[in-house]
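K.L.:
Please construct the entire structure, taking both the sequences and the accompanying hints into account.
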Amino acid sequence: MKNKGLSLNTIPPLFIPLRFFLTAPLFGILSALLILYHGPEIWTSRWQSGSLALTHLITIGFMLMVMIGALFQFIPVMTGRLVPGCVRLVPLIHPLLIVGALSLCSAFLVPIPVLYWLAFISLGFGLLLFALSLMRLLVSVFDNQLIVFLLRILFAVLLITIGLGLFMLLAYGIPELGISFRHYTDIHALWGMVGWVVLLIMAISSQVIPMFYVTPEFSVRYLKVLSFVIMVTIALISLLKLMTVSGSIVQVREVINIIFSCELTFFALYTLYLINHRKRKIPDVTINSFRLALISLLAAIAFWWLFKGGEQRFGFILAIILLYGLALSAIVGMLQKIVPFIIYLHLQKLSLKHPGTISLIPSMKKIITTQISQKQFVLHLLSYLLLLASVFYTQLIWFAGTFMLLNFIWLGFSLVQSVHLFKRKQTQIQTYPELEIPSF
Amino acid sequence: MPKELLIDVSEHEPPKPFDEVTKLISQLKQGEYIRMLHRKKPLPLIQLLEENGYQCKVNQGQETAWEIIIWNKQDSLVNEYCSSLVSS
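Here the protein sequences come in this chain order: P and E.
Under our numbering, the final residue of the first sequence carries the number 877; numbering is consecutive throughout.
Under our numbering, the final residue of the second sequence carries the number 73; numbering is consecutive throughout.
Honestly, the hints are just simulated from the structure, not real lab data.
From the three backbone atoms N, C-alpha and C, an ideal C-beta is built for every residue, glycine too.
Please note that the accuracy of each hint is not assured.
[To be verified] Which stretches of chain P does chain E cover? Using the computed rule of at least three CB atoms under 8 angstroms from a CB of chain E, they are:
(1) 615 to 627
(2) 649 to 659
(3) 711 to 721
(4) 779 to 785
P.N.:
In structure tokens:
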């Protein structure tokens, strides 16, 4: 491959992904404040308004926000082309997502119909724009790269999750329709909390782990087959959930559950194996976030088999393990790698235009230092463990909420200070020739 | 015959390959080109080099997954030689 005439465009403007990354910790802070506001009653029922608002602040406000930002950054690096129309669409998608997440969570807390409608319209429209921007990529056949394949699966799963969510929003917004939305809540949660979360982690891991930690590559064929099989399995489980329970259905359901657990266990063990076989075992605290995520996936599977159909609080434990332990651990770890990397990349781009400035570019470890990452991991782990404990010892909720708040404040601080460093270095590089002119 | 500067970054985490290549580029003399061994196809690096007067050719490698040949477009001797290298 000779790149003559290919006109690579792999580096989107810095604030395209960064605006999503910088917004996400704010939703994390809001979710911690919500826990502190509600106190122990947050774990009283999954239908409790605070629990619903909390789940969606985390999933839409934090996870979806970061995922969209990361895709606008990763796709060009992998395919050599910017996401079509991203420069024009991102300034619309980003505020729509913020308004959608805020109005949805407010609607759970203060059930005013107009808030449901605002959430329905802004989330629906924002995600439609996002889907349109990715559509050209998803329907065109590039060189059948793994990331494009995983994106197609991820996108299908996300579409089903959000489709079910929007359908339930309609039921909330127009109670006269008489839609029994609770019937679909389990299926919505299955596609979102298990399907989307696991496939998102799979997509992140397949790109971030071999690239930043120099592990052996994931088997492309294995990940393609696994991601497809996971989607099909979730579809089967959903169909069985809709069917009337009879003896044979229960048996089929159990068999599918065993298969599904094996698929997820194998993915977690395989990824842990790759991490442990890094070619150069350079100490890096952020890799612990990925280890924690994968161990959480294994814990979730074990927990589900041990306590399925048990008390409601076991459902909360499972949700905390999947969202906070699996998804958020991996995302927090990823942010501490990709934000310094893209800042470095933009400074390199600038430096190449200003000869002699290469020494002004900080290393990635100076953009987000090891000390910052260490504190982040400790705060994340502590808040995770406290959240789990608070389901059983409800008075611990105050500590859990406080450490969760500190975790997201620290994440926001680490990202904002790296942007300040970028601005400072950008000015130094741009003014470098002037500094070199001797004054007489 | 142009002189080849070999650099193996296949076991380096980002952005070390970037650092090493940009340092080597700044020392590149007339009649020299770089052969970079990499485990990935570093598209952002290739883009930045091409925007700054260098030409890159990406081949599937033998020792590592990818081999990237980098040379200065203005260097006619190297230009002719590197352009003739077989792409896979």
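K.L.:
Report holds or violated for chain E covering the region 711 to 721 of chain P, Cβ cut-off 8 angstroms, minimum 3 residues.
P.N.:
Coverage by chain E holds here, the residue count being 3 at a Cβ distance below 8 angstroms.
K.L.:
Just to make sure I understand the rule, a stretch counts as covered if three or more of its residues have a C-beta closer than 8 angstroms to a C-beta of the chain. Does the region 779 to 785 of chain P meet that for chain E?
P.N.:
holds (count 3)
K.L.:
Taking beta carbons only, do three or more residues of the region 615 to 627 of chain P come closer than 8 angstroms to chain E?
P.N.:
As far as the region 615 to 627 of chain P goes, the hint is violated, because 0 residues have Cβ atoms under 8 angstroms from chain E.
K.L.:
Three or more residues of the region 649 to 659 of chain P near chain E by CB distance under 8 angstroms?
P.N.:
holds (count 4)
Of the hints listed earlier, the one the structure fails to meet is number 1.
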